[in-house]
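As you go down the protein sequences, you meet chains W and D in turn.
Just so we're aligned, residue 6 is where the first sequence starts under our numbering, counting upward by one.
Just so we're aligned, residue 299 is where the second sequence starts under our numbering, counting upward by one.
Keep in mind that the hints were calculated from the coordinates and are not lab data.
Incorrect hints may appear among the rest.
What the hints assert, rightly or not - The calculated label-pair distances, taken between Cβ atoms and stated as ranges, are:
1. W:G141 x D:L337: 32 to 40 Å
2. W:F17 x D:L337: 26 to 34 Å
3. W:N16 x D:L337: 57 to 65 Å
Just so you know, even glycine gets a beta-carbon here, dropped at the ideal spot from N, CA and C.
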Amino acid sequence: MYLQITNLHKNFETKAGPLVVLKDINMLIEQGEFICAVGASGSGKSTLLRQIAGLDSPSSGEVRIDGKLITGPGPDRGMVFQHYTLYPWMNVQQNAEFGLKLQGLAKKERRERASYYLSVVGLTRFAKSLPKELSGGMKQRVAIARALASEPKVLLMDEPFGALDVHTKESMHEFMLDLWQRTHITVFMITHDVEEAVFLSNRIYALGARPGTVRKEIKVQLPDRSHAVKRHAIFHDYRDELMDLLRKHGQEASLAVAA
Amino acid sequence: MNPSSAPPQINSQKPIKTLRPSTFWRLAEDIPPSLNWGLMVASIAIPLFLWWLVTTLGNVDPKFLPSPAKVIAAFQRLWSTGDLQKDTIASLWRVGVGFLMAALCSIPIGVLMGSFASIRALLEPMFGLMRYMPAPAFIPLLILYLGIGEEPKITLIFIGVFFFNSLMVMDTVKFVPKDLIEATYMLGGKRLQTLLQVIFPYVLPGILDACRINLAAAWQLVIVSELIAATEGLGRRISVAGRFLRTDEIFVGLIVIGVIGLTFDLLFQYVLRISCRWASQKR
Ligand SMILES: Nc1ncnc2c1ncn2[C@@H]1O[C@H](COP(=O)(O)OP(=O)(O)O)[C@@H](O)[C@H]1O
Ligand SMILES: [Mg+2]
C-alpha cells in the first residue's frame with residue numbers, strides 16, 4: 006500500500022469539551038490512483054488532509070506513506086490549499102522554484118525543473134507575472150506546479166477549485182485529468198462537490214459528518230472522461246448515490262446538533 | 299381581481315428613493331484628480347491666506363502674531379548667519395541616530411514577538427507597560443544617568459520609538475496568513491527559512507509603515523529632548539526665541555520642523571511604493 010491511513014481518530018479540545026472530528030478512518034491508496042474524499046462542509050475533510058500532510062497529528066492511529074510514518078510536514082507530499090497561498094512578492098517562476106530553493110537545490114537545476122512544471126501546467130508565458138495579475142484558476146495552477154516541482158509521492162488537494170466559477174472549474178477538471186494521465190501522480194483530493202469527485206476520481210470515499218467517518222467506498226468506472234459523460238446514466242447513478250449518502254448523514258448531523 | 303389577494307401596497311404614493319450621484323461626498327472612493335489637487339492646494343493656501351489677511355488687515359501685535367513677510371525676513375536672517383542650518387543639522391543628527399538604533403533593534407524583536415508566542419509572552423507585558431510611560435518623563439533620570447550631552451537626547455528618542463515600534467511590528471506579523479506558513483512547511487521550509495524568507499518579506503511593507511509613523515514620534519521627541527541644556531537644535535531655537543519674545547523665529551522653527559517631518563513622511567511612502575510594488579493594491 007502506498008498511502009495508508011489506519012484507525013485514525015482526531016479530537017479537538019474545545020470549551021464545550023472534547024469534539025470528535027474524525028473517527029476510525031481507514032484508507033488504503035495505491036500508487037497512481039486519483040482519490041476523492043467527499044463530505045459536507047464541517048465533516049472533517051480539511052482535518053483529515055492535515056493529518057496526512059503532517060500539519061497536525063492524529064489523536065490516535067497513524068498515516069504512512071510508502072511505509073514511512075508521517076510525523077510532520079515535508080516536500081514528499083505536495084499540498085494545494087483551498088485559499089491561494091502563492092507568495093505575493095514573487096513572480097510565477099520564483100513561486101514555482103521556491104520549494105526547491107528551500108530544499109537547497111542549485112540555481113540552474115531548480116530553474117529548469119520549475120520551468121518544466123510551469124510548462125506542464127501551461128503557464129510558461131506568465132513566468133514573469135506577479136500572482137495578483139493572475140486569475141483564480143491560474144493561481145491554483147501555479148500552486149500545483151510549485152507542489153509538483155518537488156516531485157512529491159502524492160498530491161494533496163483541499164477543495165482546490167472551490168473558489169472558482171463553473172467554467173473555470175470545468176477547465177481545471179480537464180486540466181487535472183490531463184495532468185494525471187501524463188504524470189501518473191497519486192492524487193488525494195477532498196471536495197464537497199459530488200460531480201467533481203465522480204468526474205475526476207478512480208475511487209471515492211464518502212464521509213459522514215460529526216464525527217467524520219468513512220461511510221462508503223465507491224469505485225468509479227466511467228465509459229470515458231469527457232464532459233459528455235456527465236449526461237450519461239452511469240454518471241447520474243454515481244452522483245445520486247453519493248448525494249443520498251451525504252444527504253442522509255447531513256440530516257443525522259443536523260439532528261444531532263439540534264439535540 | 300380580488301383586492302384582498304393583491305400584495306399589500308405600502309407607501310404606494312411615495313417614489314422609491316435612490317442614491318443620488320455625488321462628486322464630493324463619495325464614500326471610500328477616489329475623487330477626480332483635478333478636484334483632488336485643487337483641494338490639496340487649498341488645504342495649504344487657505345490657512346496661509348487667512349494668516350496674511352489677519353496680520354495685514356487686523357491690528358495685531360507682531361510679538362503676538364507676526365506677518366508672513368516678517369517670518370520670511372526672520373528665516374533669511376537666521377539662514378544667512380548659518381544658525382538655522384546648524385540647528386537643523388543638530389536636530390537631524392539626533393533623530394537619525396536615535397531612530398536608526400531604535401528601528402534596528404525593534405524590527406527583529408518585533409518580528410520575533412509576532413512569530414513566536416513564547417517570545418511574545420516573555421516580552422509583551424514589559425513592553426506594553428513601557429509604552430505607556432511617556433518618554434519625556436524619563437528626562438530627569440536620563441540626565442541623572444547620562445549627563446547633559448548628546449547621549450540623554452538620543453536615548454530619549456530611542457526609548458520613545460523602540461517600544462512602540464516593536465509592538466507595531468509585532469502586530470503586522472499577526473496578519474501573515476497561516477496557510478502561507480504551512481504551505482512553506484509543505485515545500486520543505488525549516489522554521490528559520492520560513493521566518494527569513496516568508497514572514498519577513500510578507501511583513502516588510504507593514505514594517506516600513508510602522509517606522510514611518512514612529513519617525514514622526516521621533517521627530518517630536520527631538521524637540522523635547524533639546525529642552526535638556528542643548529546649545530543648538532531647532533527645539534532649542536524655539537525655546538530661546540520664546541524667552542526673548544522673538545515670535546517670528548518661533549514661527550520659522552515650527553515651519554522648518556513641519557516641512558522636514560513631512561518630507562521624511564513622503565520619502566518613506568516613496569520607498570514603500572517602489573520597494574514593495576506587490577503590495578501596492580492593498581493600500
Ligand atoms: N483546530 C480546531 N479546533 C477545534 N475545532 C476544530 C479545529 N479545526 C477544525 N475544527 C472543527 O472540526 C470540524 C471539521 O472541520 P474541517 O475539517 O475544517 O471540515 P471541512 O473541511 O470538511 O469543512 C468543524 O466542526 C470544525 O469546527
Ligand atoms: Mg475544509
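Results for each hint:
1. Taking the beta carbon of each, G141 of chain W and L337 of chain D are about 38 Å apart, inside 32 to 40 Å as hinted.
2. Here the CB-CB span from F17 of chain W to L337 of chain D is close to 54 Å, at odds with the stated 26 to 34 Å.
3. For the pair N16 of chain W and L337 of chain D, the supplied restraint of 57 to 65 Å holds, since their beta-carbon distance comes to about 59 Å.
The earlier numbered hint that this structure contradicts is number 2, and it is the only one.
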